[in-house]
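Read top to bottom, the protein sequences are chains A and B. Per the UniProt record's numbering, the very first residue in the first sequence carries number 1; after that it's consecutive. Per the UniProt record's numbering, the very first residue in the second sequence carries number 1; after that it's consecutive.
It is possible that some hints are incorrect.
What the hints assert, rightly or not - Covered stretches of chain A, going by a simulated chain B footprint (3 or more residues, C-beta under 8 Å):
hint: 1; segment: 74-81
hint: 2; segment: 85-97
hint: 3; segment: 135-145
Since the hints were made in silico from the structure, they are not lab data. This structure is a prediction, so every number in the text was calculated from the model and none was measured. Note that beta-carbon positions come from the ideal geometry of N, C-alpha and C, so glycine has one too.
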Amino acid sequence: MPRETWVLFRHGLSVTLRQKVGIAFGAIQPLLFLVLFGPIFATFGTWETLVPGLILQLGLLSTGMAGFGVVFDKRMGVLERLRVTPAGRLALLLGRVLNNVVTLVLQTALLLAVAFAFGLRAPAAGLAAGFVLVVVLGASLAALSYAIALTIDENLFAPVMSTAVMPLILLSGALLPMSMAPGWLDGLSYLSPFRYVLEALRDLFAGRYATGTVAVGVAVTVVFTAISLTIGTRVFNREQE
Amino acid sequence: MINTMGLSKTFKGGAEAVRGVDICVEQGEIVGFLGQNGAGKTTTMRLLTTLLRPTAGTATVAGHDLIGAPKEVRRRIGYVAQSGAMPPVSPVKGELELQGMLYGLSRREVAARAEEVLARMELTGLETAFPAALSGGQRRRFDIAFALLHDPALLFLDEPTTGLDPGSRANLWDLIRSLRADQGMTVFLSTHYLDEADALCDRVLIIDHGRIVAEGAPAALKTGGRTLDDVFLDITGRSPREQSDVPTGKEA
């Protein structure tokens, strides 16, 4: 199984890396927010508050939309061809997920590099811990995205996901912190698991590590990941009519 | 090589695509699987290749239990789907390497095997192309090359010549015959071209409404000076290329 995962990952990565522009393009929305909205935000807030939000936005847009790839492969018959090989179903899923995670890491690095140029100053340890959180969250979002892509009508995937992602981004307080929101909106945002992850990221970027917020963020990420990977594996194990 | 008893598939919506099919295919046979669109051909193929789980019945494919040991079955079979299976934007070479390595071959073994298979399929030199740049006949032969990389004992071809010009069809028939002649490969192919079954197959099975309604050597079925077309018409009441009048939920 590890070998199959590795073989699939390497193959997928070589295809991804052939389209370098595609990787940058996948990060275009958060980059635009950074460049065209960040300077306004910086007049009353800090880059260390905004950038974690943009990273979350990037994660949702990049790995959340990963399911596109499998919709495409399904249409082309590639998925079916791979399903007739002895490769394990879990390997078919994980090979893809790993590839999406590497893409997300490259995109996050790009976003951070630009953010540093604009004035972000976060401690190395906070950045490293943040990366770990992003990697784990990215993996679970990708797995969930595949599960959705293989469950709903493939023509609905794009409209459903792009409609779902936007409120999730707003509701997690990615663009403006929920501390600025009226009570009802603040309360509502506790329903989004990403709020907790985001607040943990903000603490990490501010150099606060041993806080309750970080602990809750990590716990939510772990639970979310366990659920997503379970669903993803189940769907990949299921027959595809 | 294939042995099924009462193999059935009822989809969740209630459509009974395959209803108690018994199939027996010996090693080295080329067997044609005939039926109209919607008769259950593709669903049966997808059951036999482990892509779908039967809702009833048992089957042994390539020496292993279809339900109990699908992985063992997968190691020994090749499957070429009707629609092909190559991503248009990725060079064929990388896809072949992935395919071979998923069967446990090393990169070097895949390269050697691919060279052999591509030569047999008359595709040498074309592996660096993008599928979008290949002709229909070349793409079809590449699809088959993918399925041959791991040297399967049993090859499933779902409507292999649909959409090909007459020259490419004849060429593909020769290639399929040579697989059996040189390697003793068993071939199970679905088609709705009766001339194809007549020219290529030792035996044909006719499926209609999810049931096998006739089987035998083409010559044995063509009694009384009838063509295989007439036989098909007599048995099912329709021509093989007509659409089925039975709604099955999806192309099955």
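Query raised in the report: Within the assertion that chain B covers the segment 85-97 of chain A, do at least three residues meet a Cβ-to-Cβ distance smaller than 8 Å?
Result: Contact hint for the segment 85-97 of chain A vs chain B: holds, 3 residues under 8 Å.
Query raised in the report: Are there three or more residues in the segment 135-145 of chain A whose C-beta lies within less than 8 Å of some C-beta in chain B?
Result: violated (count 0)
Query raised in the report: For the segment 74-81 of chain A, do at least 3 residues have a Cβ located nearer than 8 Å to some Cβ of chain B?
Result: That given contact holds, which follows from 5 residues of the segment 74-81 of chain A lying within Cβ reach (below 8 Å) of chain B.
When each numbered hint is compared with the structure, a violation occurs for hint 3 only.
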